[in-house]
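> Sequence:
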Amino acid sequence: MRTLQLARQLQPDHVCCFSREAGLVLPILRAQGRPAFFYLASPELTPLPRSPGMLLQRGLHQSTILDILTARNATRILSISASATEQARTYWHVAADRVVTLGTGIDNVFCTVPLQMHTLAQPFVPSFISVGRINLRQKPLEQAAAALSSLSVPWQAWVIVGAGSFYSGGKEEDQLKEWIQRLRLQERTVFTGQLPAQEVVAQFQQHPIALLPSRYESFFLTVYEAVACGCVVVTNDVANIRSYFHDVPSVIIAHDSSWEAYRAAILQAIAIYPEVLPTLPTIAQRVRAECGWSSVADRFEQALQCA
Numbered sequence: 001m002r003t004l005q006l007a008r009q010l011q012p013d014h015v016c017c018f019s020r021e022a023g024l025v026l027p028i029l030r031a032q033g034r035p036a037f038f039y040l041a042s043p044e045l046t047p048l049p050r051s052p053g054m055l056l057q058r059g060l061h062q063s064t065i066l067d068i069l070t071a072r073n074a075t076r077i078l079s080i081s082a083s084a085t086e087q088a089r090t091y092w093h094v095a096a097d098r099v100v101t102l103g104t105g106i107d108n109v110f111c112t113v114p115l116q117m118h119t120l121a122q123p124f125v126p127s128f129i130s131v132g133r134i135n136l137r138q139k140p141l142e143q144a145a146a147a148l149s150s151l152s153v154p155w156q157a158w159v160i161v162g163a164g165s166f167y168s169g170g171k172e173e174d175q176l177k178e179w180i181q182r183l184r185l186q187e188r189t190v191f192t193g194q195l196p197a198q199e200v201v202a203q204f205q206q207h208p209i210a211l212l213p214s215r216y217e218s219f220f221l222t223v224y225e226a227v228a229c230g231c232v233v234v235t236n237d238v239a240n241i242r243s244y245f246h247d248v249p250s251v252i253i254a255h256d257s258s259w260e261a262y263r264a265a266i267l268q269a270i271a272i273y274p275e276v277l278p279t280l281p282t283i284a285q286r287v288r289a290e291c292g293w294s295s296v297a298d299r300f301e302q303a304l305q306c307a
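Residue numbers (the numbering used here): 1 to 307.
Rather than coming from a laboratory, the hints here were simulated on the basis of the structure.
Beta carbons: idealized from backbone N, C-alpha and C, even for Gly.
Beta-carbon label-pair distances, calculated as ranges:
#1 A157 to P196: 14 to 22 angstroms
#2 F18 to A96: 20 to 28 angstroms
#3 P274 to T90: 39 to 47 angstroms
#4 P114 to H93: 43 to 51 angstroms
Kindly generate the complete structure, drawing on both the sequences and the hints.
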């Protein structure tokens with residue numbers, strides 16, 4: 001395997017294995033007395049309710065994963081988020097001192113670009129931005145579109161940054177465009193395609209409310225990026241979002257992924273925007289400080305010291 005080849009060639013002090021390869025790599029490294037870490041992302045370890053002996057998408061037996069997660073083979077487990085850490089401890093019975101919440105980092109451009117706050121015009125007529133791969137099964141943008149079409153309050157535009165899934169051949173993007181046309185939103189909706197990070201920052205800075213619907217995520221970096229750029233965010237209770245932003249009123253969590261829930265959350269975002277506007281720079285700076293790659297590196301160094 002590629003990781004084993006690199007480990008033999010480079011002789012690194014530590015090796016970090018991901019779930020696809022860990023079942024084979026970790027036992028070999030452990031037998032050699034080599035420190036090795038396992039990087040845990042939560043969706044891959046969600047048991048299938050109809051088949052408790054199998055795991056989502058992978059077809060791996062739980063006993064195989066448990067051998068990894070109980071640290072028989074891994075020196076230490078690094079998790080992508082606090083929710084993944086909690087899952088490992090609660091559902092997989094991994095000892096608390098074996099799991100370290102490492103997280104993942106947002107692109108440095110989101111942490112270093114000067115913060116430009118939106119101006120509050122009277123009356124406040126918002127525009128919206130959605131960023132991410134167009135995968136309607138995961139990110140129900142068609143429900144967000146239905147929510148926008150139902151609004152009785154004025155709004156300017158909806159910018160969608162992203163492209164259709166590679167696996168669908170762009171069909172989902174076409175489906176979304178057709179749905180938007182049926183809702184008669186095409187004149188106020190702009191598809192930009194994929195953009196470099198610097199241009200994504202510029203888009204966030206132009207549109208005060210980020211509409212980021214999702215049914216499941218491992219971390220959902222886009223929410224953190226939007227907050228780091230000073231946006232009010234409408235999203236769902238996925239990954240670590242609720243626990244991290246529990247004290248942040250500008251991150252609004254919809255009750256579910258229906259258009260009615262998004263409509264209620266959007267109306268709430270519009271209503272509270274003037275009130276939360278002065279607080280947005282503070283939370284943006286917090287996310288920049290805690291979620292940049294330098295902070296992730298610091299946490300990894302701490303994990304190395306405890307290994």
